[in-house]
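Visitor: Spelled out from the first residue to the last, the chains are:
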Amino acid sequence: MMPLLTTKGLSRNFGGLRAVDNVDFALMPGEIRAVIGPNGAGKTTFVSLVSGRIQPSQGMIVFDGADITSLPAYARVRLGVAYTFQITSVFANLSVYDNVALPVQRTLTDGRSKGAVRTGVMAALERTGLADRTHMLAGQLSYGHQRLLEVAMGLALKPRLLILDEPTQGLADSEIDNFIELVREIAKSATVLLIEHNMPVVMQLADRITVFNAGRILAEGAPEQIRANTEVQDAYLGATHD
Amino acid sequence: MKDASPAKPYALHLGVIILLFALSFVLPDYHHGLLARIMVLAVFAMGYNMLFGYVGLLSLGHAMFFSAGLYGAGLAVIHLGWSVPAAFAAGILCGALLALVIGVLALRTSGVAFMIVTMMFAQVFYLVILYFASWTGGDQGMVVPQPARVLVLGSTSLDLTSPTVRYTSALALFSIVLLITLAIVRSRYGRVLVAIRENEERTKMLGYDTFSNKLVAVVVSGTICATSGAAYALLFGYVGSSFASVQYSILPLLWVLLGGAATTLGPLIGTLFMYYVVDITSGFTSAYLLIVGIALILLVLFFPKGILGSIRQRWLGWLP
Amino acid sequence: MAFGPHLLLAALEGLVTSAVLALTALGLSLVFGVMRVVNVAHGEFFMLGAVLAWAISTAISGHPALGFLAALVLAPLIVGAIALVAERLVLRRLNYNPEATIVATIGMLYIIQQLALTFYGPGARPVEPPFSYRILLPWFGYSGYKLSIIAASAFLLLATWFVLTRTKIGLIMRATQYDSETAQAFGIPVDRVYAGVFALGAMLAAVAAVLIVPISQAHYLMGQDPLLLSFIVVIIGGLGSLRGTLVAAVLIGLSDGIISVFFSPTLAKIIATLLVAMVLVFRPQGLFGTASR
Numbered sequence: 001m002m003p004l005l006t007t008k009g010l011s012r013n014f015g016g017l018r019a020v021d022n023v024d025f026a027l028m029p030g031e032i033r034a035v036i037g038p039n040g041a042g043k044t045t046f047v048s049l050v051s052g053r054i055q056p057s058q059g060m061i062v063f064d065g066a067d068i069t070s071l072p073a074y075a076r077v078r079l080g081v082a083y084t085f086q087i088t089s090v091f092a093n094l095s096v097y098d099n100v101a102l103p104v105q106r107t108l109t110d111g112r113s114k115g116a117v118r119t120g121v122m123a124a125l126e127r128t129g130l131a132d133r134t135h136m137l138a139g140q141l142s143y144g145h146q147r148l149l150e151v152a153m154g155l156a157l158k159p160r161l162l163i164l165d166e167p168t169q170g171l172a173d174s175e176i177d178n179f180i181e182l183v184r185e186i187a188k189s190a191t192v193l194l195i196e197h198n199m200p201v202v203m204q205l206a207d208r209i210t211v212f213n214a215g216r217i218l219a220e221g222a223p224e225q226i227r228a229n230t231e232v233q234d235a236y237l238g239a240t241h242d
Numbered sequence: 243m244k245d246a247s248p249a250k251p252y253a254l255h256l257g258v259i260i261l262l263f264a265l266s267f268v269l270p271d272y273h274h275g276l277l278a279r280i281m282v283l284a285v286f287a288m289g290y291n292m293l294f295g296y297v298g299l300l301s302l303g304h305a306m307f308f309s310a311g312l313y314g315a316g317l318a319v320i321h322l323g324w325s326v327p328a329a330f331a332a333g334i335l336c337g338a339l340l341a342l343v344i345g346v347l348a349l350r351t352s353g354v355a356f357m358i359v360t361m362m363f364a365q366v367f368y369l370v371i372l373y374f375a376s377w378t379g380g381d382q383g384m385v386v387p388q389p390a391r392v393l394v395l396g397s398t399s400l401d402l403t404s405p406t407v408r409y410t411s412a413l414a415l416f417s418i419v420l421l422i423t424l425a426i427v428r429s430r431y432g433r434v435l436v437a438i439r440e441n442e443e444r445t446k447m448l449g450y451d452t453f454s455n456k457l458v459a460v461v462v463s464g465t466i467c468a469t470s471g472a473a474y475a476l477l478f479g480y481v482g483s484s485f486a487s488v489q490y491s492i493l494p495l496l497w498v499l500l501g502g503a504a505t506t507l508g509p510l511i512g513t514l515f516m517y518y519v520v521d522i523t524s525g526f527t528s529a530y531l532l533i534v535g536i537a538l539i540l541l542v543l544f545f546p547k548g549i550l551g552s553i554r555q556r557w558l559g560w561l562p
Numbered sequence: 563m564a565f566g567p568h569l570l571l572a573a574l575e576g577l578v579t580s581a582v583l584a585l586t587a588l589g590l591s592l593v594f595g596v597m598r599v600v601n602v603a604h605g606e607f608f609m610l611g612a613v614l615a616w617a618i619s620t621a622i623s624g625h626p627a628l629g630f631l632a633a634l635v636l637a638p639l640i641v642g643a644i645a646l647v648a649e650r651l652v653l654r655r656l657n658y659n660p661e662a663t664i665v666a667t668i669g670m671l672y673i674i675q676q677l678a679l680t681f682y683g684p685g686a687r688p689v690e691p692p693f694s695y696r697i698l699l700p701w702f703g704y705s706g707y708k709l710s711i712i713a714a715s716a717f718l719l720l721a722t723w724f725v726l727t728r729t730k731i732g733l734i735m736r737a738t739q740y741d742s743e744t745a746q747a748f749g750i751p752v753d754r755v756y757a758g759v760f761a762l763g764a765m766l767a768a769v770a771a772v773l774i775v776p777i778s779q780a781h782y783l784m785g786q787d788p789l790l791l792s793f794i795v796v797i798i799g800g801l802g803s804l805r806g807t808l809v810a811a812v813l814i815g816l817s818d819g820i821i822s823v824f825f826s827p828t829l830a831k832i833i834a835t836l837l838v839a840m841v842l843v844f845r846p847q848g849l850f851g852t853a854s855r
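Protein chains in written order, with the numbering used here: chain A, 1 to 242; chain B, 243 to 562; chain C, 563 to 855.
Because the hints were derived from the structure by calculation, they are not lab data.
Ideal Cβ positions, reconstructed from N, Cα and C, are used throughout, including at glycine.
Check each hint, because a few of them may be wrong.
Here are some chain A residues pointing at chain B (derived, C-beta under 7 Å) [said to hold, decoys possible]:
1. Tyr-74
2. Tyr-83
3. Arg-106
Whole structure, please, built from the sequences with the hints as guidance.
Guide: Structure representation (structure tokens):
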């Protein structure tokens with residue numbers, strides 16, 4: 001099977017710092033892949049390169065067999081690479097409905113049918129459990145609900161690859177359980193690339209785990225392998241995880 | 243944009259148009275003439291609001307779009323002897339093309355740099371008008387001859403210099419642009435514009451080419467302003483470089499801030515209000531720019547949402 | 563006159579323009595650099611300086627040098643005080659939001675201009691130069707006062723540079739410019755630094771105006787050209803870069819003087835403004851500056 005996403009020799013420098021250093025990465029369709037690593041390991045830079053928010057210094061990115069290295073971010077989104085932000089950035093002054101309508105209407109080629117937008121919006125809101133908050137301003141939602149709205153917006157893009165950047169940060173435990181269910185649900189129709197600090201979440205969700213350290217891939221494998229990897233324990237688990 | 247039924251906003255806007263129409267029969271001559279002028283300039287403000295209010299791009303150069311329409315239409319009549327409809331179309335086209343060129347260049351910048359770049363392009367436009375004084379009349383301006391300002395429609399001809407025709411034409415233009423603006427704002431495109439204003443980076447990550455969307459907005463905004471300028475030349479019969487000066491880039495900003503940015507009726511209310519404030523105070527002082535200056539500072543300090551913006555926030559959430 | 567001497571004359575005139583422009587633009591640049599505020603009313607502080615110079619020098623009888631010296635000291639102080647009040651009453655309350663402050667300074671521009679029109683009137687009035695010694699060159703005589711403008715400006719620029727780079731005040735200003743939040747955390751009274759910088763910027767414009775007024779007359783609209791030219795200088799030199807500002811001022815001043823001898827001033831302005839707009843579009847860090855934060 002051909003990978004959905006591959007990067008070859010992907011690097012990004014910030015001044016003298018090599019935030020992402022010569023990364024070769026492959027992601028198979030339908031997978032839930034978690035990316036873990038200590039703070040400053042280059043995880044967010046890596047997914048920013050994939051989503052096109054920043055340009056690489058070197059290397060190439062291939063999505064579904066096509067070289068997307070020089071495509072602007074919006075064009076990658078149109079190909080099916082969706083990114084949800086680490087810091088919640090819903091449109092606080094717009095209603096929940098409008099927030100989701102923006103991605104929904106973009107995926108509609110038919111410019112007329114008003115009903116199609118509404119159907120799409122409600123479907124995404126039902127899946128994330130926000131359907132009863134349609135008319136609230138997004139900024140008035142609780143933090144957990146804003147994160148869910150963020151996911152709803154990502155879903156509404158009908159992505160083939162959904163990148164979730166620390167989605168459970170700041171969520172309560174009960175919310176996290178629902179969230180795990182939601183990601184499993186999403187993974188039926190999309191490949192998921194997940195940056196996550198919460199190890200129980202990672203262990204429950206991920207098919208495979210990629211460990212970043214100092215801008216490079218330190219290890220990659222199934223959750224049990226990673227758990228057993230002493231190098232990883234030294235660099236990451238032992239150091240920061242309780 | 244909000245999910246409320248479209249009936250209320252449309253009823254309100256039609257009501258405003260009917261009110262303005264009714265006023266034409268009861269107003270004394272002086273106010274009748276003033277209101278015609280205000281409606282044409284409110285179109286200018288609506289064009290400005292399109293960009294400033296809905297997309298959040300603060301231009302300090304919109305005088306160039308207004309005067310592109312003004313001179314495009316006026317000079318077509320004066321030098322080429324074109325008919326009213328042809329000259330009107332020429333003016334609009336000039337503004338649209340200018341907006342396209344300026345948009346492509348200025349949108350490479352953002353924030354403060356966008357403000358300064360648009361101001362400088364407008365300054366260039368103003369100086370060009372002065373430089374080609376033999377065609378434009380320089381700072382004296384030019385009068386569009388009265389006999390040329392007749393709109394021939396089949397067998398009937400409308401004299402644009404007659405107060406009634408002038409008022410009705412101004413109202414027709416105002417109404418059309420108002421309804422177009424309302425439709426744009428409530429459309430999917432309008433939703434994208436607001437999204438760009440609120441968070442451009444996020445909008446990109448929803449798959450929108452924000453540059454193109456902004457460029458379209460600049461062209462729409464510039465075209466509306468040029469329409470206002472073209473109508474001004476044909477209805478009031480004067481083209482002059484003062485309309486291209488920085489002052490006329492600041493005035494629409496003031497009108498929109500006062501009436502309420504990102505409200506469809508705000509531009510009319512702001513223009514109306516400011517015109518009458520200046521009109522009333524002109525009895526005491528000739529320095530009307532003093533009032534403009536004070537109004538600008540008071541607005542940004544204490545009243546940044548403007549009249550309709552505050553009303554929408556407090557009472558009428560459905561106001562478009 | 564032959565071409566050579568003609569060019570020399572143009573160059574001298576250009577240096578005088580550069581000298582005044584450098585001071586004015588430095589004020590604009592400081593305010594932008596430290597406060598991130600684009601002060602559209604900067605030209606009006608220049609105009610106020612000139613108008614006050616006229617008022618002060620006519621109020622003081624005796625030798626013209628006396629009135630001029632009084633103006634050179636008092637006018638900038640008064641303008642600085644006005645700027646200080648404007649900063650406290652308006653800019654600070656806007657939290658120095660870049661867009662809101664532009665709108666507000668446009669408001670100030672109109673207010674100052676119209677008050678000058680009301681109280682000073684529409685006429686252009688001269689200020690007598692403090693001395694009227696002419697230096698005789700082989701081809702033409704040249705005003706000694708104009709040369710002294712260049713010297714005075716050079717002195718003031720050096721003094722400003724010294725303050726900025728060699729004193730504690732300068733260090734505080736640069737720290738604020740670099741990162742106002744961190745500066746605040748280290749106990750720098752950012753608030754007062756901003757007020758001081760805004761007043762200083764206005765004072766530099768006022769000094770420039772006092773220097774130029776004996777050769778160009780005071781008029782209520784005279785602030786417009788310096789504003790535009792200062793913008794040009796600050797943009798070409800790189801927003802907020804002091805050295806760039808100086809280099810650009812000399813460049814623009816010289817070329818302005820030389821160009822306006824050979825071209826119509828309107829055409830020169832058209833070309834200059836267009837070029838600067840293009841610089842801002844394609845090279846926003848300026849021709850000499852490095853990318854800002």
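Visitor: Report holds or violated for the interface hint on Arg-106 of chain A, using the least CB-CB distance to chain B and a cut-off of 7 Å.
Guide: holds, 5 Å
Visitor: Grab the minimum C-beta distance from Tyr-83 of chain A to chain B and call the hint holds if it beats 7 Å, violated otherwise.
Guide: holds, 5 Å
Visitor: Given Tyr-74 of chain A as an interface hint, is the shortest Cβ-Cβ distance to chain B below 7 Å?
Guide: holds, 5 Å
The structure shown violates none of the earlier numbered hints.
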